[in-house]
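**Student:** The residues making up each chain are set out below.
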Amino acid sequence: MATTPTPRVRLPAQAKPGDTIEIKTLISHEMESGQRKDAGGKIIPRKIINKFIAAFNGKLVFEADWNPAISANPYQSFFYKAVESGEFTFTWKDDDGSDYVAKNKLTVA
Amino acid sequence: MLNAKTSRATIGKGMQRNPAGGDRMILKSVEKTRRETLAYAAIAGLAALLAPRMSMADESAVAAEINKLYGDKKFESGKIKLDVPEIAENGLVVPVTVDVESPMTESDYVKSVHVFADGNPLPGIVSYKFTPACGKASASTRMRLAQTQNIVCIAEMSNGKLHMAKAGVKVTIGGCGG
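From first to last, the protein sequence lines stand for chains A and B. Counting with my numbering, you get residues 1 to 109 for the letters of the first sequence. Counting with my numbering, you get residues 1 to 178 for the letters of the second sequence.
Please keep in mind that the hints were generated in silico from the structure rather than gathered at the bench. Some hints could be false.
[As the list claims (entries may be wrong)] Okay, derived cross-link-like pairs now, BS3-like style, lysine-lysine, Cα gap no bigger than 25 angstroms in a straight line: (1) A:Lys37 to A:Lys103; (2) A:Lys105 to B:Lys129; (3) B:Lys73 to B:Lys161; (4) B:Lys111 to A:Lys51; (5) A:Lys105 to B:Lys136; (6) A:Lys81 to A:Lys105; (7) B:Lys111 to A:Lys24; (8) A:Lys103 to B:Lys161; (9) A:Lys16 to A:Lys51; (10) A:Lys105 to A:Lys47.
[Unchecked claim] Partial pick of chain B residues on the chain A-facing surface, computed with a CB cut under 10 angstroms: (11) Gly78; (12) Pro123; (13) Ile125; (14) Ala137; (15) Ser138; (16) Thr141; (17) Gln147; (18) Asn150; (19) Leu162.
From the three backbone atoms N, C-alpha and C, an ideal C-beta is built for every residue, glycine too.
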């Protein structure tokens, strides 16, 4: 499970102006809650993705603060109202300080 | 992911096993087996009730969290559609969808949404920040629930109004400790 988290994002490549599109994201991550104990009875330290940020052309669209109660391989879906063509930047922030980033283009016509 | 699979497998095995158990049971009448099965079930239920629990948050913890965010402001009902399953078979992965009614314009939109649970080790589940660019104040994720409990959802509108919704989820297998 200690592989690098791989983000997966699904959204339509094209949209009409004014359309509200759904964006579905998934990232592989064990989301260790900090509540579990290992075989020796020691608490396994918490290591989760604590923040998910979606921006379009550099402007914030949606943000989610995740707590340890979020399931492993966290899924997040939300909506975006298409206005202009551009690029989404999705960022997942890990407890250990690393960022996982995915970029997706959207054509509005 | 791995945890979910293991716990599923365990349930499967448990169900196949004759709850009245033991080889000696084969000789006894069906009636007797059924009666004993019921007795076993009752004992199991009692044991589950009496079993020591992990320290869990409760309603007061959720109230404290809400108080931290909004003080003792008033909450209105309505506007929020909190979509959770009535019965969650696997507490490790419980889908939760929040949908707040709002035009989502620059002058009138949903600022933030907080989701809490009153029976988990920690009350917080997720906090969302919406912007008018979302077009729709709706988001879905998947959460862990340690036991049967209530989900509380709070939405803060751009005009400062607060809304609250509650929903109960019955959890068959708790998603805690794996």
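**Student:** Quick check: which numbered hints come out false for this structure?
**Tutor:** 1, 8, 9, 10, 11, 17, 18 and 19
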